[in-house]
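Produce the entire structure from the sequences given, and follow the hints as far as they go.
If you want the building blocks of each chain, they are given just below.
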Amino acid sequence: MTSAGRGPKYRIGAALMWLGVAFALALVPLGLGLLPPAPAARKLAVEFGVGLGFIGMGLMCIQFLFSGRFAKIVPSFGTDNVLQLHRQLGIVGFVFVLLHPVVLILAEREFILYFDPRVNFLRAVALIYVTLAITALIVTTLWRESVRLTYEWWRLVHGLLALSIVFTGVVHGIQVGHYLDPLWKKVLWAGYAVTAMYLVVHSRVVRPYRARKRRYRITAVEPQPGDVTVLTLEPEGHAGLKYQAGQFAWITLRSTPFTLQQHPFSFVSAANDRHVQFAAKALGDFTSTWKDMKVGNHAYIEGPLGGFTRDPHPTMGLFIIVGGIGVTPAISLLRTMKQERSTHPAVLIYANTDWDDVAFRDEIAELETQLTLQVVHVILEPPDGWTGESGFLTEEMLARYLPPDPNTFEYFICGPEPLMDIAEISLNKLGVDWRRVYSERFKIV
Amino acid sequence: MKPLLHLWVRRVSELIGVLLVLVALLVAWLRTRM
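The listed protein sequences derive, respectively, from chains A and B.
All letters in the first sequence, in the order written, are residues 0 to 444 by numbering that gives the first Met the number 0.
All letters in the second sequence, in the order written, are residues 0 to 33 by numbering that gives the first Met the number 0.
Calculated from the structure, these hints are not laboratory results.
Among the clues, some could well be false.
What the hints assert, rightly or not - On the chain B side, residues computed to face chain A include the following (Cβ under 7 Å): (1) Val-8; (2) Ser-12; (3) Leu-19; (4) Ala-23.
Unchecked claim - Pair ranges (Cβ atoms, derived): (5) Leu-6/B / Arg-253/A: 36 to 46 Å; (6) Glu-367/A / Val-17/B: 45 to 55 Å; (7) Leu-25/B / Lys-428/A: 36 to 46 Å; (8) Val-17/B / Ile-104/A: 21 to 31 Å; (9) Ser-145/A / Leu-18/B: 27 to 37 Å; (10) Lys-290/A / Leu-18/B: 45 to 55 Å; (11) Arg-10/B / Ser-287/A: 32 to 42 Å; (12) Leu-21/B / Arg-340/A: 54 to 64 Å; (13) Leu-21/B / Glu-367/A: 51 to 61 Å; (14) Leu-18/B / Pro-402/A: 35 to 45 Å; (15) Leu-43/A / Leu-18/B: 43 to 53 Å; (16) Leu-141/A / Val-17/B: 19 to 29 Å; (17) Pro-35/A / Leu-21/B: 22 to 32 Å.
Cβ coordinates follow ideal geometry from the N, Cα and C atoms, glycine included.
Spelled out as structure tokens, the structure:
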């Protein structure tokens, strides 16, 4: 097979299939409500308002499918796009859930009594709670930093709010019961929602718990320029894990105040290394503790995850655009190429603010001599006498290093938001097939 | 400025939202006609 003949990893067919599945699953509650015996129809606006509620519930439930770490759907979209879909469909679900009472109240004023604690105290409290909770869910996610919520707290609050909203929705549906009258409908309704809720419990509780049975030991703690710390871990009493270059894992480090928390990090080590390595820049509370880790400390890894990976039998060149600590998956990709004695051409565009902060710069210089690799450092504030690229990454700059036939390469982009935006848009303008452009954004919230 | 794929994901989500509203309307209308 020629290099240009191999199809891109992202496949529209698979993506459409998953979207179709999501669409169908979102309609399950409505379908259940309509199954005979269905009650006699009321006026159009009431029927519409009720329909919005059922679909809103379906949309909330399918969010758990996207938010959990489900390896199957990632290859056809990429982690990045799955999370983006979760975010956007979550907003759609929010609109449905809010429109449900609004349309009903506009249709018939008596529906406002559902919110009146004097009529039914528990019901009113539950509905007022859901309205506030789903609003809080959206506000804390879209404006997490403005409301000064740390990532750890956000993650906890997000999961708990989502679970409580769906739980209240289940109870509300059963309590109103108009469309869920026979018991079997109520059972299926609850079963649907409980299955969805289990997905989040599975990814937040069950899987981390299983990962805890497979302990790793820190065997090296090494500094890199730019306040970056590299941790090397060896599996203890088990075979370790198999992963591909470019993937990431959730890490829990013992001996930090974050013992119960998991954070996602890209592997830095090559795919076939026995040990695993991760690198972090001291940017937040958690990453600032990395430099104080000691050899012999323990860690737990849950993974691998993510679709920021090459074709298993790469036939194409590799074009990597990274900025700052976004270099970590690139190091894994390049180390793996070296391990596999790859002769495919590779280009690394690596943007940093200062030359002194360029993590892994010695190793990259070495890799340049060992691989068919061209390294382009882009320095925002270059030192005196700098002759390389400087300033922000631009389309013109990328055009200078793009291969003559850009679609014989796979493109990997990882770094700060503005860099990723400009890289993705520029590659598109320069004629690169979007299906060959893989990006990884961890900063979704 | 939003990246291309994210814009695409956003449009798909909006399209799904619109389609679902239409489904809700259609179902409501069909029920009132029955």
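Status of each hint after checking the structure:
1. Because the beta carbon of Val-8/B sits about 4 Å from the nearest beta carbon in chain A, less than 7 Å, this interface hint is met.
2. A distance limit of 7 Å between C-beta atoms decides the matter here; for Ser-12/B the minimum to chain A is near 3 Å, and the interface restraint holds.
3. The restraint placing Leu-19/B at the interface with chain A holds, with a minimum CB-CB distance near 5 Å, inside the 7 Å limit.
4. Interface hint at Ala-23/B: satisfied, since its Cβ lies 4 Å from the closest Cβ of chain A, which is below the 7 Å cut-off.
5. Between Leu-6/B and Arg-253/A the beta carbons are some 42 Å apart, a value that agrees with the proposed interval 36 to 46 Å.
6. The hinted window of 45 to 55 Å between Glu-367/A and Val-17/B holds, with their beta carbons roughly 50 Å apart.
7. For the pair Leu-25/B and Lys-428/A, the supplied restraint of 36 to 46 Å holds, since their beta-carbon distance comes to about 41 Å.
8. Between Val-17/B and Ile-104/A the C-beta distance comes to about 23 Å, which sits within the given range of 21 to 31 Å.
9. Checking the proposed 27 to 37 Å range against Ser-145/A and Leu-18/B shows it holds: the Cβ atoms sit about 32 Å from each other.
10. Remark: the range hint 45 to 55 Å for Lys-290/A to Leu-18/B is upheld by a beta-carbon distance near 51 Å.
11. Remark: the range hint 32 to 42 Å for Arg-10/B to Ser-287/A is upheld by a beta-carbon distance near 39 Å.
12. In this structure, Leu-21/B and Arg-340/A meet the distance hint of 54 to 64 Å, their C-beta atoms being roughly 56 Å apart.
13. Here the CB-CB span from Leu-21/B to Glu-367/A is close to 56 Å, well matched to the stated 51 to 61 Å.
14. Between Leu-18/B and Pro-402/A, the C-beta spacing of about 40 Å keeps the proposed range 35 to 45 Å intact.
15. Distance hint check for Leu-43/A and Leu-18/B: the Cβ-Cβ separation is about 19 Å, which falls outside the suggested range of 43 to 53 Å.
16. For the pair Leu-141/A and Val-17/B, the supplied restraint of 19 to 29 Å holds, since their beta-carbon distance comes to about 21 Å.
17. Distance hint check: the CB atoms of Pro-35/A and Leu-21/B are about 23 Å apart, consistent with the given range 22 to 32 Å.
Of the numbered hints listed earlier, the single one contradicted by the structure is hint 15.
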